[in-house]
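Enquirer: With chain A held as given, fit chain B onto it using these hints.
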Amino acid sequence: MSRLAITGTSSLLGSRLLRRAVEARGGDAVLALDIAAPPATLDVRHRELDLTEPAADERLLKILKEESVTTLVHAAFFTTPRRDRSHSHELESIGTLAVMAAAAAAGVEHVVMRSFTAVYGARGQNPSFLTEDRPLEAGARLAWVRDKLEAEQHASAFARRYPDLVVTILRVAPLFGPGVRTFYTRLFDKRVVPTLLGFDPLVQLLHPDDALDAFEAALARPRAGAFNVVPRASIPLVAALHLAEKVPVPIPHPIAYAASDALWAAGLVEAPGAFLDYARYPCVADGEKARRELGFTARYSSRDALLAYLRYRHPEGVAAVAEARA
Amino acid sequence: MSPVAKVLPMRRPTSEADALRDRVRALEDALRRAEAAGRETAREGLPVAVARLLQEGLAGVRWDSLARALSAAYFSWHSEEVDEFGFDRKFTETVRPFFEFLYTVWWRVEATGVENVPATGAGLIVANHSGVLPYDGLMINVAVRHEHPARRECRMLALDMFALLPFLAPWLSKSGAVRANPENGERLLRSGELVGVFPEGVKGVGKRFKDRYRLARFGRGGFVRLALRTGAPIVPCAVVGGEEIHPVVAKADWLGRPLGLPYFPITPTFPLLGPLGLVPLPTKWSLDFADPVATDGYGAEAAEDPILVNRLSEQVRATVQRMIDGRLARRRSIWFG
Chain A
1 MSRLAITGTS SLLGSRLLRR AVEARGGDAV LALDIAAPPA TLDVRHRELD
51 LTEPAADERL LKILKEESVT TLVHAAFFTT PRRDRSHSHE LESIGTLAVM
101 AAAAAAGVEH VVMRSFTAVY GARGQNPSFL TEDRPLEAGA RLAWVRDKLE
151 AEQHASAFAR RYPDLVVTIL RVAPLFGPGV RTFYTRLFDK RVVPTLLGFD
201 PLVQLLHPDD ALDAFEAALA RPRAGAFNVV PRASIPLVAA LHLAEKVPVP
251 IPHPIAYAAS DALWAAGLVE APGAFLDYAR YPCVADGEKA RRELGFTARY
301 SSRDALLAYL RYRHPEGVAA VAEARA
Chain B
1001 MSPVAKVLPM RRPTSEADAL RDRVRALEDA LRRAEAAGRE TAREGLPVAV
1051 ARLLQEGLAG VRWDSLARAL SAAYFSWHSE EVDEFGFDRK FTETVRPFFE
1101 FLYTVWWRVE ATGVENVPAT GAGLIVANHS GVLPYDGLMI NVAVRHEHPA
1151 RRECRMLALD MFALLPFLAP WLSKSGAVRA NPENGERLLR SGELVGVFPE
1201 GVKGVGKRFK DRYRLARFGR GGFVRLALRT GAPIVPCAVV GGEEIHPVVA
1251 KADWLGRPLG LPYFPITPTF PLLGPLGLVP LPTKWSLDFA DPVATDGYGA
1301 EAAEDPILVN RLSEQVRATV QRMIDGRLAR RRSIWFG
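First to last, the sequence lines map onto chains A and B.
Reminder that position 201 of the first sequence reads as 201 in our numbering, one-by-one numbering, no gaps.
Plus 1000 on top of the position in the second sequence (first one is 1) and you've got our numbering.
If you're looking for bench data, these hints aren't it; they were derived computationally from the structure.
For clarity, every value in this text was computed on a predicted model and none was experimentally measured.
Built from N, CA and C at the ideal position, the CB exists for glycine as well.
Errors might be hidden in some of the hints.
[Stated by the list, open to error] Anything over 10 Å on all C-beta distances counts as not near chain B; from chain A, calculated:
| hint | residue |
| --- | --- |
| 1 | A104 |
| 2 | P135 |
| 3 | L165 |
| 4 | R191 |
| 5 | A220 |
| 6 | H242 |
[What the hints assert, rightly or not] Covered, in the sense of this in silico footprint (three residues per stretch, anywhere, with C-beta under 8 Å from a C-beta of chain B), are these stretches of chain A:
| hint | stretch |
| --- | --- |
| 7 | 75-83 |
| 8 | 234-241 |
[Stated by the list, open to error] Here's a subset of chain A near chain B, in silico, CB distances under 8 Å, partners left out:
| hint | residue |
| --- | --- |
| 9 | F129 |
| 10 | R134 |
| 11 | E245 |
In isolation and in its complexed conformation, chain A is listed as follows (with noise of 0.2 Å):
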């Protein structure tokens, strides 16, 4: 009896990767690792795992023996940035390095672990498409980047030092959809969007069905390394607030990076001025990698994909107009 473990099945992209991991292969042959148990409705099995507790490593390598794990799928982090650094930093990147020591020693064949594009960071001097082999944003200012990046290096350090584990790493692009609800998809919640004056970057905006469809084309075909994962194509980050007929309100940009951190350290925005790099340059990924080794390509566009989260946040609305104007 092989297994798949999941852990971080109470995160956005955990709880649909186990959703449709129990549809293909039974809630038998699925095993969701999480502080909290998956919902009533779907059977599957779930032991409880705290991966920021101090022997998080020993516990899980128990468990994956117990359940004879063969494949692990890590996808527990933050997509919205934490008050509580020094907790998300306990999660993602020490948790990582108990998942990775735990998956090496229980003999685990394959673990494929969630990142995000956000980890190559937004700067001016990137290339138009950003390649798996570009060293990755070093001395980030964000703390959300650097446990990322953390998280990453622990993984590759692992995977150098047992061949006989594959490890894949996904860099997935913001995700945008139904059901996607973050602190940037929230911002298109807002009437008034702030907006960076004389910058209006390309984004990429992912459909959470597109990322399902990599993490089973990972699955499926072993591969080691890092490999991005992106839509079909970008839309300017101005064109989708239009297109979501939001309000922009351009300001000049050492006043919004002033503005955000004062209301981060105030407590009435969701994430730190920093993260606006990602709305003054481009950080877009290119997918070819993806494509030549893992077989995945999108299905939808970044418009579609907004387009859907349009659609699923008001059903009778905004959506219809666009699509009506199509």
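Expert: Here is chain B on its own, set in the frame of chain A:
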């Protein structure tokens, strides 16, 4: 709606079909009502929104209709889908008349040899750079678009410094320019696009007036490697007239650096006359395209041969310099050619 309504009665028992038809009709009514309501608010355009704002203050703003009006205004000159580099055809069509005005009236551009630009497939136009702001690229674009029988679109490789500046950066990428790096160039050429490049780079645009028409070093031959790897022919192009539109008499780098600019040009009109100093002088321009240099005979591995790369680069540079010198020798006036 109608195909459903027509097909269903043949397949379903009558009572069920009737029920379905009723539901369809009810849905259609609801849809019509919703559309009418949508039209009403959509018709309330910007003037009404502004008037309401003046009359009732912020309380009078109907955000839905304001947002809808802004959205309609935006998409009236932007397309909803752009290419992978952000090239927006509708936006380009909208701003094109302005560049055509610059081309035909302001600078009265005289183009020769446009037929040397390949009518199909990849091609690399290599030109001298001048004029502080990237007007020369735009003029080459208009020339290829208007005077070439194939009416091709030339994608310019823009300097990184332009791609970082607020306003200019999104504006350039919407009008088809891409960041100048080998990966982008190769991507465009491989998809059979016509690509324009200025190997002098920042040394070319920021030239002082006294150094005008003296070509700077052509980079390290990156454009030749690009052409060799993709087998695209190189078309040398000489731009004359661009050097005088913003005569740079001095450079104030101490002013430019804090602003994030690689140089801060001082011209007779800028910054003295403020924004008026940004108006380029109406010189007479000429664009000369030379015979293409074929690169497909060498093979892709020739890109790693530094001697060959340097020779081809020097050959192209000499061709451009020769065309420029010829033009300058024949030119009697900066303003009238």
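Enquirer: A separate judgement is required for each hint: does it hold in the structure or not?
Expert: Hints, one by one, checked against the model:
{"no.": "1", "hint": "A104", "in the structure": "holds (36 Å)"}
{"no.": "2", "hint": "P135", "in the structure": "holds (15 Å)"}
{"no.": "3", "hint": "L165", "in the structure": "holds (32 Å)"}
{"no.": "4", "hint": "R191", "in the structure": "violated (4 Å)"}
{"no.": "5", "hint": "A220", "in the structure": "holds (27 Å)"}
{"no.": "6", "hint": "H242", "in the structure": "violated (4 Å)"}
{"no.": "7", "hint": "75-83", "in the structure": "violated (count 0)"}
{"no.": "8", "hint": "234-241", "in the structure": "holds (count 5)"}
{"no.": "9", "hint": "F129", "in the structure": "holds (7 Å)"}
{"no.": "10", "hint": "R134", "in the structure": "violated (10 Å)"}
{"no.": "11", "hint": "E245", "in the structure": "holds (4 Å)"}
The structure is inconsistent with the numbered hints 4, 6, 7 and 10, although it conforms to all the rest.
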